[in-house]
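Colleague: Take the sequences, apply the hints, and build the full model.
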Amino acid sequence: MNMRDCNVTTPADRDSTPADESRRRKLGFRCWHRGTREMDLLLGRFADANLAAMSDAEVAELERLVEAPDPELFGWIAGTRPVPANYDTPMLAAIRDFHRRHPVSGAI
Numbered sequence: 024m025n026m027r028d029c030n031v032t033t034p035a036d037r038d039s040t041p042a043d044e045s046r047r048r049k050l051g052f053r054c055w056h057r058g059t060r061e062m063d064l065l066l067g068r069f070a071d072a073n074l075a076a077m078s079d080a081e082v083a084e085l086e087r088l089v090e091a092p093d094p095e096l097f098g099w100i101a102g103t104r105p106v107p108a109n110y111d112t113p114m115l116a117a118i119r120d121f122h123r124r125h126p127v128s129g130a131i
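Note that the sequence shown ends on residue 131 in the working numbering; no numbers are left out.
Simulated from the structure, these hints should not be mistaken for lab results. Ideal placement from N, C-alpha and C gives every residue a C-beta, glycine not left out. Hints may be right or wrong, so weigh each one.
Said to hold, decoys possible - Here are the computed distance ranges between Cβ atoms for each label pair: (1) P126 <-> E95: 20 to 28 Å; (2) A75 <-> T112: 16 to 24 Å; (3) D43 <-> G98: 17 to 25 Å; (4) P126 <-> P92: 21 to 29 Å; (5) P113 <-> D71: 18 to 26 Å; (6) E44 <-> A91: 18 to 26 Å.
Modeller: Written out as structure tokens, the structure is:
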């Protein structure tokens with residue numbers, strides 16, 4: 024039997040709506056188009072690897088983080104600036120951890 028002939032859906036498929044998919048695509052675009060190449064790489068690579076599996080709450084938190092100005096956000100991710108309590112979230116920790124595990128050599 025060819026797996027393409029099976030009509031198998033996952034919970035993510037059932038819960039996904041066109042509006043949700045559009046929201047995630049827009050967020051992915053925003054992560055890759057920050058204005059600086061460094062931030063494009065930091066947020067874009069993270070979004071590509073994780074956005075599809077994120078819960079709605081995680082998507083909302085990433086949306087909130089990308090509203091922060093690039094110099095501050097870069098400093099928080101790089102660990103060169105103190106993180107304000109309202110931004111010191113599991114999402115920011117996940118972004119930091121992702122880049123510790125998947126560095127971009129020579130790009131930043």
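Colleague: The structure should be examined with respect to each hint, and the outcome stated for every one.
Modeller: Going down the list of hints, with the structure as the test:
| no. | hint | in the structure |
| --- | --- | --- |
| 1 | P126 <-> E95: 20 to 28 Å | holds (21 Å) |
| 2 | A75 <-> T112: 16 to 24 Å | holds (20 Å) |
| 3 | D43 <-> G98: 17 to 25 Å | violated (31 Å) |
| 4 | P126 <-> P92: 21 to 29 Å | holds (24 Å) |
| 5 | P113 <-> D71: 18 to 26 Å | holds (19 Å) |
| 6 | E44 <-> A91: 18 to 26 Å | holds (25 Å) |
Going down the numbered hints, you'll see the structure goes against just number 3.
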